[in-house]
Amino acid sequence: MKSVINWLKKVSKKPLFLPLVSVFLVLVINLVYDAIQGNYVFEFLKFELKEGALYGRIIDILNRGSEAAILAIGMTLVVSSSAGTDISVGSVMSLAGSLCCMLLAGFGVTHVRELGELQMPIFVGVIAGIAVAGLCGLFNGFLVAKMKIQPMVATLIFFTAGRAIGLLLTNNKMVYIHLEQFKVFGGKLWIFPTPTVIAAACILVMAIILKTTSLGMYVQSVGINPKASRIAGINSVAIILLCYVICGLFSGVAGIVATSRIYSADSNNIGLNLELDAILAVALGGNSLGGGRFNLAGSIIGAYTIQAITTTMYALGVAKAQAPVYKAIIVILIVVVQSPAVKAYFAHRKAQKEGGLAVAGRS
Amino acid sequence: MKKLLALVIALVMVLAATSAFAEGLLKIGYVQVGHESDWRMANTQNYYDVFTEDAGFELELIDCDNDHALQLSKVREFVQKDFDYIVIDPIQTAGWDDVLKEVQEAGIPCIIADRSVDASDELYTTAVGTDMTAEGVTAGKWLEEYLAGKAAKILVIEGSTGSSAAIGRAEGFNKVAADHPEWEILASQDGDFTQNGGQAVMEDFIKRFPEFDVVVCHNDNEAYGAMDAMDAAGIKYGVGEKIIISFDATKEGLTRTLAGQILCNVECNPIQAVIVKNVIEDIQAGKDIPKFTLVPDEGFCAPGIESALVTVMTDEVLAARKY
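Sequence order for the protein chains is A and B.
Mapping to this note's numbering: the first sequence position 258 is 258, numbers consecutive.
Mapping to this note's numbering: the second sequence position 306 is 306, numbers consecutive.
Honestly, the hints are just simulated from the structure, not real lab data.
The C-beta atom is built at its ideal place from N, Cα and C for all residues, glycine as well.
There's no promise every hint is true.
According to the in silico footprint, chain A covers these stretches of chain B (three or more CB under 8 Å from chain A) [what the hints assert, rightly or not]:
hint : stretch
1    : 193-202
2    : 230-244
Under the rule of at most 20 Å between Cα atoms (straight-line distance), these lysine to aspartate or glutamate pairs were calculated in the EDC-like manner [claimed, not checked]:
hint : chain 1 : residue 1 : chain 2 : residue 2
3    : B       : K153      : B       : E182
4    : B       : K207      : A       : D34
5    : A       : K188      : B       : D231
Next up, chain A with everything else stripped away, as it sits in the complex (with noise of 0.2 Å):
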């Protein structure tokens, strides 16, 4: 018993800890909802082979999260570096989509059903796109990094005008490309939904990234004392503007895989809002938005968590205009118990019971 509880005391000083709790949480109410209405206990976690494709509720949740967790990716890296968020990306995303959509129809084309009326291969089309997406986010790292404008200031500008310049492009339509080798990028890769590879091979990509160069620890460094950091030797303008155009790459695939999906260029809707998902998803990781230390697993947990939690809505039957408030009161919870505040109570009455010195403040 005494060791089952020295274990727990153990984990839950992994930064994973909550995270996984939060995860953990949204899979149990899930439980007990199955249980109560009668259902096989275990509904939501069940899947199968359907149509030669992985099929059930947690392959929605992969799936439908995967742009949320590829957003995260990048959103990590900006916060952590310049403690501040990258609002434009959910627009730089349908800008990447509409940029992709028009290239390959052409300019006033609406609907494209044969290979043959494209204007250029379809892999061109989605290399400008998330092209377009990096010059994006070069842009915004430029503001931020060498003009030092206040990241949300100058990541406010794609916010505003990225879906405007995207209806330019599409002039003012929604431009679809019904074509199966345009579909794949939201549909499925073997058994798999394709956005959850796209998601997996992004999260591996940065992973490695990170464990073979310093790049991590540079940005995190740069994120505590940029001074200190330079004079340390690291190029901090050159480390915010990196991650600011990784986070921009990211956002093009992220709009790439959205517009996949719909197999359309709709400007006004796609990635509407998911630059608060991912910002949430950072926080819901255990981040500091004041930048410094960062965890990506983290952060692609938190982004999985909230689309646990919209799946949960759904099946649970809760009108969506409803849904944000029972969302809002998942999130407090899940906020309130990883704030500093609360672990720094905890600390204090774990310090007072074994009777030491109230050490308050420091978790």
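Fit chain B to the known structure of chain A by using the hints.
For chain B alone, coordinates are given in the frame of chain A:
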């Protein structure tokens, strides 16, 4: 500076002179909502097609790009320029009283088109528009005809909560459904009028309700999403399979009706200018006109279905569709 001012004034006068109306043309001012959808653009184009100089009109159409304040100021401008008729497609329902009074005091007939205003009908001459509730009723009546007394389990993917289209279409459909105890509406969820929203809602519906017969989508985009979700789950739709009902009847939507995928598609008719023109001609002729004229909405069903209520889709109908 003075010279510059004089130049500007001269320029303005020249412009005013050139834009002065030709003899005998009726000056129509139309404040359009914006250009947010293919539907809206078809509506704008229709005004340009109908109110031509050959037909005896001079049309000034202002695209207000969803800016209510701009719309108000443009109406005042029409009053100052002493237009013969002012047609308003109001961006929002509220806040029209003062401007409408000004138009009335100037003695200019004012027609509210497409959308509605939240003002006393004393303040405007007449209104022309579609009826979303009637669209819902058409969809319901078609289902009644198609099912011919058979029981049905129905799923509804609504439009954005609170929008007039979502409220009206649901109200109309529910009115018909109330007469049919053998119909059961299993669930109704907001799909945001988007394809992605429709797909996400349908993915959930399929898992919660393995047995259903009908999906009612409040617009075409939601229907595309629902179809994608059903494809992924291996659920078939069409004649003899699951029934998809949709609204809007855009060209792309009707393409899928012709293909037998969306069995019934009820339009919201953007071709409204002819009706506005008829109303104006009636006023010119001094006839009594009703306070509201309905723009008739048409329903379409897939080939192979016999219907006395809606038009059966053909290649010709699709080819004639502009939006």
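Against the structure, the hints:
no., hint, result
1, 193-202, "holds (count 6)"
2, 230-244, "holds (count 4)"
3, B/K153 - B/E182, "holds, 9 Å"
4, B/K207 - A/D34, "holds, 13 Å"
5, A/K188 - B/D231, "holds, 12 Å"
Of the numbered hints given earlier, the model fails none.
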